[in-house]
Amino acid sequence: MERVRIPPFESFYEDHKDPVFAHLRRLLGQGAEDAFQETFLRALRAYPELRNGRHLRAWVFTIATRIAIDETRRRRPTGELPEVAVEDGLPPHAELGPMTDELPPKERAAVVLRYGFDLPYDEIAAALGSSEDAARQAASSGVRRLRERSKQS
Amino acid sequence: MTNVPLELDTHFRAAAAEEGLLDVAYDLVESPLGDLFVGVSDRGLCVISYEADPDAEVERLARNFGSRVLRSPRPVDPARRQLDEYFGGERRRFELDVDLRLARDFGRTVLEELGRVPFGEVTTYGALAAKAGKPKAARAVGTIMNRNPVPIVLPCHRVVGANGSLVGYAGGLERKETLLRLEGAILA
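Protein sequence lines, in the order shown, are assigned to chains A and B. What the first sequence shows, in my numbering, is residues 3 to 155, in sequence order. What the second sequence shows, in my numbering, is residues -17 to 170, in sequence order.
Next comes chain B alone, as it looks inside the complex (with noise of 0.2 angstroms):
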């Protein structure tokens, strides 16, 4: 059997996006916390995920995106320079737009809370749900901050427990206090 060239296969998918065919651009992105999955629809970046099994990922998108989804590159490059810009020390504030279509009243105001917290400053999940306006839904916030289908860009890292403890994250508590490290947000 011919195989498609590799150059033909990446012409095509770079045709795909440039045509606005694609419900979900995806790619992988390396990062010093392993590979990230980094996805982008029309209306921004809708995904990044941490050891994501991608065939999961993709069954995962195409169902709540729309079954176009793609993997190809270019779509993705701007995250990508601003993530490696972010590890390497160089940005403190990501000019991405992102898609929260699928959180609602109360998870996307928290999440659009959540991207007013500033680099190298932590919130706790008490103070992040009276920003939201319902003080007593800390728990509520973290179970969002759990589900927030862009981590590091939205930085559910800083937000932690009233005590000062990180409490938990979904990439795990290592990656949390690597990013709060890498923010100057821990010292010791």
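Isolated chain A, as found in the complex (with noise of 0.2 angstroms):
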């Protein structure tokens, strides 16, 4: 695939902060503000490391995502967690996040929205940067994925 150049961390930090920003507001509510600071700082590392800035959007996106589970596990310890209504019998959210750690970052990204943060499609479709069908597929691989998993163990 063609790579496409690495932008100036400026120019991708002024693209995608408010993005991200409504992003960490809808997963976290109050609190969202330590987060986005860590998103970002957590990308600046990254950032010598990228080769292809054709996925920036999901990359940073999924890092935030990253965070706000984290962040969701440590105020809500196991045990405290409200019910979660899910389908197909998935665990609520918490238990997403260790859950899908061998899941393809996309998949991963789309399943915990969907199922652990309950996000529609067209949300998590903005998110990913993509569109709403691949977000849907992207889930419904990643549940297909972790049920084949499941078995097998």
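Treat the hints as calculated values from the structure; they're not laboratory data. It cannot be assumed that every hint is accurate.
Claimed, not checked - 16 angstroms max Cα-Cα, derived EDC-like pairs, lysine to aspartate or glutamate: (1) B/K118 with B/E103; (2) A/K19 with B/E(-11); (3) A/K19 with A/E51; (4) B/K116 with B/D87; (5) A/K19 with B/D(-9); (6) B/K116 with B/E103.
Stated by the list, open to error - Coverage of chain A stretches by chain B, computed from C-beta distances (three or more under 8 angstroms per stretch; other residues unrestricted): (7) 10 to 22; (8) 39 to 49.
Beta carbons are placed, not taken as given, at the ideal position from N, Cα and C, and that holds for glycine.
Dock chain to chain to rebuild the complex, using the hints, since each chain is given by itself in its own frame.
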């Protein structure tokens, strides 16, 4: 695949700061501020290692989502978890973090956003920088992969 | 869409610099010569530019110094303070580290010599060439002055023609004259 040039961090940050902040606000409500700063500091640390500028939006949203998951888990230790309505008997959101560790990043983000945070597909698509169909597909193939894995173990 | 609150934005930009994660931190500095685009790397001041198009300047810095270029005012503050003092007539010498990594060989020697030309005095292209070890390279010195990465702080405005004419200045002759007047090098 053709490589896309990595932009200067300033333009990357300006392009993504508002959508990332909105995303974190949806996931975390108040307290999104710390997660925002952590997201972009982490992105800044990893920036020199990036080799392709093609999926920057999905990349930074994945970082943000991962940080939000950790933050949610930290806030509500297991046992005090509120019951979250889940389809297919999937576990509530705090459990999804570690369970999905091995999934490809896009599928992982889609699964966690859909079943963990209950986001509609249009918002997941916005977060991943892909179409709604692609978001739906990523979530369903992620779920399939998880099922296959749980059969094996 | 919920936009990032200004305070959070400011906080992140400061934290990025504090953690040493930036290749270049930059900001705009107000001056009597117009806004100056000023950039600082971990080695020191690396750019001062007149009438810069910030986007183009950021692109250029990313190519030359690394992609982590971010507007972050705090690292620029020492340069801002000294420039303010200079324009306010309270400073004759800059005490700032300068990052000359892009200058090589003769160019670097010339810029280092240029840093020794004192406030309120002028020298000539030929004299500066001679000091840098190549008395016949006046023309090359002109080119080096034209590409001086940090004008004002490295005072290329103090370099004039052998007949005393101002010759040229990357920021325009008017600015060169203003600077020399400020320093009392031009009395009329």
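Now for the hints, and whether the structure bears them out:
At roughly 22 angstroms between alpha-carbon atoms, B/K118 and B/E103 are farther apart than 16 angstroms, so this suggested pair is violated. Distance check on the hinted pair: A/K19 and B/E(-11) sit about 13 angstroms apart at the alpha-carbon level, within 16 angstroms; holds. Simply put, A/K19 and A/E51 have alpha-carbon atoms about 20 angstroms apart, too far for the 16 angstroms limit, and the pair is violated. Restraint check for B/K116 and B/D87: the C-alpha separation of about 12 angstroms stays at or below 16 angstroms, so the hint holds.
Proximity of A/K19 to B/D(-9) is assessed by CA-CA distance (about 9 angstroms); at most 16 angstroms being required, the pair is judged to hold. Of the supplied pair hints, the one linking B/K116 and B/E103 is violated, its CA atoms being roughly 22 angstroms apart against a limit of 16 angstroms. Check result for the segment 10 to 22 of chain A against chain B: holds, 8 residues qualifying (beta carbon to beta carbon below 8 angstroms, three or more required). With 6 residues having a beta carbon nearer than 8 angstroms to a beta carbon of chain B, the segment 39 to 49 of chain A meets the requirement of three or more and the stated coverage holds.
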